[in-house]
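Engineer: Top line first, the protein sequences correspond to chains X and U.
Under my numbering, the first residue of the first sequence is numbered 1, with each subsequent residue one higher.
Under my numbering, the first residue of the second sequence is numbered 1, with each subsequent residue one higher.
By construction, these hints were calculated from the structure, which means they are not laboratory data.
Incorrect hints may have been included.
With a straight-line Cα cutoff of 27 Å, these simulated DSSO-like cross-link-like pairs (lysine-lysine) come out [stated by the list, open to error]:
1) X:4 <-> U:149
2) X:280 <-> U:57
3) X:4 <-> U:105
4) U:2 <-> X:280
5) X:4 <-> U:153
So you can see what is in the structure, the chains are spelled out below.
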Amino acid sequence: MAEKLLKKGNEAIALAAIRYGADGYFGYPITPQSEVMETLMEEMPWETTGMVVLQAESETSSINMLYGGACCGKKVMTSSSSPGISLMCEGISYMAGAELPCLLVNVIRGGPGLGTIQPAQGDYFQAVKGGGHGDYKIIVLAPASVQEMYDFVGLGFELAFKYRIPAMILSDGAIGQMMEKVELRDPVRRLTDEEIAQKYGHWATVGKQAGRKGNIISSLSLAASEMEAINLRLQEKYRTIEKNEIRFEKLLCEDAEYMLVAFGSSSRICESTVEIARQKGIRLGLLRPVTLFPFPSPAIQEMLPQLKGIMSVELNSGQMVEDVRLAVNGAVPVEFYGRMGGSIFSPEEVFSAFAQKFNL
Amino acid sequence: MKEELIIAGFGGQGVLSMGKILAYSGIMQDKEVTWMPSYGPEMRGGTANVTVIISDKRISSPILQHCDTAIVLNQQSMDKFEPMVKKGGLLLYDPNGITRHPTRKDITVCSVEAADLANRMEMSKAFNMVVLGAYLKMKPILEKENVIKGLKKSLPERYHNLIPMNEKAIELGMKHVKEVI
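The whole structure should be built from the sequences, with the hints applied where relevant.
Structural biologist: In structure tokens, the structure reads:
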């Protein structure tokens, strides 16, 4: 039987990175995610798997180290919290443009600006609508438990390499700091340079092989027609991802007349709100997007015929609710409830807001 | 079984580690557990609290508005958490340093002079284990052998020589907890 440990979400990210065969972690400390690098430093994976762990001089530097590592076909990752991710956005756009795989972890804190170290979900737009410049998307995964923090490191790398795209775990201070049971999965060993050349040699800069042209990785293409062709290819990739990679979880939706939509820590709180509503005989369900891009619009649309209303519940001023409204397209009323700046709602508070908005 | 508790006191009293030991003991007994610390500015102001949930089933919200049990180790925490205990729930406190004692009549109130007891036995560092013992006496949700296993898992190996002392402290708390209301 797999070993069960009690770990913080941040610690789980670090343990998973080593066990999923990551080649390198480059980061810079910031609360509430500093335990990621602290745990990696304690574990010293450079002595066991050969994984590199490096504290860069800034977030700008760490994202560019990722760019370099990813060019060589390596499994590279970083983690930070909101202000640090803002600093990385230029590099993320470059990686998306150059079609480079990597894993990013954002353990969100309250903003804007330096804000607070308490949990929030105010970086939803930044994660799913760009953040950096240009028409790009990254895959965004929203874990709701410490076990998912662990598992999504594996999933994130898998999707990043499958589509040659940056993938992000969008978490927050609550999931990062809380401890839960974690079951460690069987370790995956790091690929050798030969294996990387074989698997990714058609695009990665792993040394030119005889019989083919050298690989050039760049996000620069000055001719408008070439740049448009790249954009069209990227957009086609994003549509494929939307078709194949939507993930979500439904709770008590079978007979639901009303539905909450919430991700990450908010969805955990909303699970209790659903329990409260059910005790009062109100048929409330919960849909939890696991992927924020691609957003589970079809899953929401499927629910519409049976629903009288939807409420999006977020630790921000109302960001994901815009995507819910696009999916619903006016078919049923979509309400919103949120708190900001590091304040968290309780299940009872969410229930009161829900009951008030729908006159129940 | 689902037990939602809050442990609160000063930083340095071992509030967070007591919660961790309890959560690890829960895992040893095959329960689902969540340990949610206060890590924000209130912690930097000297007080610390942690929410621990131990359950047979998947745990939904780690954030609580009410709790089954509050373990209170200073006056600020008494003021904040006494009202949060569910009707019929448990409030356990160490009277040391408490100027306003709990007044609610609709909950069980227990006290344990953990600081005094631990000092007298010359094991002041195991103060939090005396409190843990008192709690487990009032709410025997976990078997003692699993608590010892949880203790071993929570402590780095270099401190495993301290386990017998911690075990003694747990027993001391079990023996000396008193029902007040």
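Engineer: If a hint holds in the structure, say so; if it does not, say that too.
Structural biologist: Taking the hints in turn, this is what the structure says about them:
For the hint linking residue 4 (chain X) to residue 149 (chain U), the alpha-carbon distance of about 13 Å falls within 27 Å, and the restraint holds. Between the alpha carbons of residue 280 (chain X) and residue 57 (chain U) the distance comes to roughly 21 Å, so the proposed pair stays at or under 27 Å and holds. Restraint check for residue 4 (chain X) and residue 105 (chain U): not satisfied, since their Cα atoms lie roughly 41 Å apart, outside the 27 Å limit. With a CA separation close to 20 Å, the supplied pair residue 2 (chain U) and residue 280 (chain X) stays within the 27 Å bound.
For the suggested pair residue 4 (chain X) and residue 153 (chain U), the alpha carbons sit about 11 Å apart, so the restraint of at most 27 Å is met.
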